[in-house]
Amino acid sequence: MSSNQSNTQNGSEQKKNVTDSTQTSLSKKTEITIPEFEGSIVNQLVTKFTDKIVQVVYVRPGRTKILVPPNEIVQVATFIRDTLGFDHAESVSGTDYPKDNQIEVIYHLSSYSDEKLSSHVLALSTRVDRNDSRMPTLIDIFKSAEYHERETFEMLGVYFEGHPRNERFLLPEDWADIPPLRKEFRIKGR
Amino acid sequence: MENFEQKFDETIRRGLEIVKETEEDRLMTLSVGPQHPGSGHFRFTIKVDGDYIVYCDPDPGYVHRGEEKMCEYRNFIQNIPHLERPVIHDSTNITYSYSLAVEELTNIKVPLRGQYIRALASELNRQVYTLYWLGIYGIFLGHSTMFMWPLGDRELFIDLLEALTGARVTHAFNIPGGVRNDMPEGFKDRCLRQVAYFEKRLVEYEDIFYNNPLFRQRTEGVGILTKEDAIKLGVTGSVLRASGIPFDVRKAEPYDVYDEIDFKIQYMKTGDSYARSMVPLLDMKESCHIIRELLDKMPQSGEVRAKLQPNPKGPAGESYKRVESGRGALGYYIVSDGTPKPYRVKLSVGSFRNMLALPFLLVGSKLADMPSIYWSLNYWPVEADR
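Each protein sequence line maps, in turn, to chains A and B. Residue 1 is where the first sequence starts when you use our numbering, and the numbers rise one by one after that. Residue 1 is where the second sequence starts when you use our numbering, and the numbers rise one by one after that.
Treat the hints loosely; a few may be bogus.
Pulled a few chain A residues facing chain B out of the computed Cβ check, cut under 7 angstroms [said to hold, decoys possible]: (1) Asp87; (2) His88; (3) Thr95; (4) Tyr112; (5) Ser113; (6) Lys143; (7) Ser144; (8) Pro179; (9) Pro180.
By construction, these hints were calculated from the structure, which means they are not laboratory data. C-beta: ideal position from N, C-alpha, C; glycine also.
Take the sequences, apply the hints, and build the full model.
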């Protein structure tokens, strides 16, 4: 229960944070013209999920980044795969933000089956609480994320609920330190 | 659909459970690598039931260096020499997408001649990498001539790159803003001579290796990856193109001058080990054509790099750029917080993505087919570990 509560709290905080940043980015967007095709992807996402769930972070030619709360990511990802046609994950990466006490997990999604999308990479990102970093796994939607999520787990300590193997992958089996890509982990002598 | 889900579940998710449910004492466990010469610095555990592989678990990380963490301690320019360590044979391509991403973050424009030389170095390096891979593939299928020939011809391309960049293997040639130096005098003629010679050699490669009945028996119909499965596994590069998907980043999302170059995407439809080993050869042929066209269309004079400030930095932001390397799409995701050092660098490399296909293809095939499947995946352990 406690983890659930913190998740929802975290979600609502996130929304506040993001609306601020999106407003600024939206005002910028009116100056820079959004490419038509990328704009249509954004419109589909926002009309389906409303801008409370899907926050558009930036749009560039061939690149779109959206931010969703962790508890909504599964349904947004399903929509992205089934309706928008992005069929595989190119990379899953995490960025640590100790100042916001958050870790951002980003899925870079791309498409092989739809030729129109081949030049496009959609970044689906979510922010989880740093002290209780859990989020649902997307491996049932994008099988290609299997090993990427395992890597993100060991490098940043984000626990993917539903992933069968949240365990060591690249690091030594007897690794006893904190996840190395967190900012408080320092390389010796630096 | 049903089939793929089931196979994925059995080979990758629940492999060990399924093995345990069956009579485990029938099985023998084999550890391939990391010292085994046939796997590189990479270990995978397989369980065999008689002659058939029933379980495979990749265990990478023996050459994990923490490249991504190291990037956070150095500025954008200092990062170049260590970023090429994961694939020293393809060092121009692995720094290519890094340079593109940093250029986007810091708003640097590359002069036209610089773009052409960069693409030229990238194509030459692709030949070096693919020849090295082909040599290793040959020797692990027991064909020692195919080890000697590509490694001999590779030297000639290394000599070209040495003349161009000043270093034989790790060039650190691509930098944000262009390339380090201009082409030496007479380089164009030397390049053209080498390409003409190499195209003749490629025909001989086909005769001695690709048309060799032994090679064909060991690879044809072995480890078939269908088009649908390849898409779902998210594989890239020659593995993807061998399964009948004409996807190449140079065409899909042309960077620098690739939209002005006329070339075809090389792909095959069978998806077996033979197709996966044939596609790199076709790529090398096409690459020869690209080198010629690049040399032909290149402006004869001009700047090769933009003038950089001592510590280039741009506004806070992020960038995801990818290029087509010898092993497929190679992407960099860089987050900048406005300082000269990157806040976060993530490498999305072809080898790591293709690793998922290894247990998927190995389970159910014969142990003797393991080398031909493993090496056809164009897998470079050091790159996957980063």
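Run through the hints listed earlier and report the numbers of any the structure violates, in increasing order.
Failing hint: just 8.
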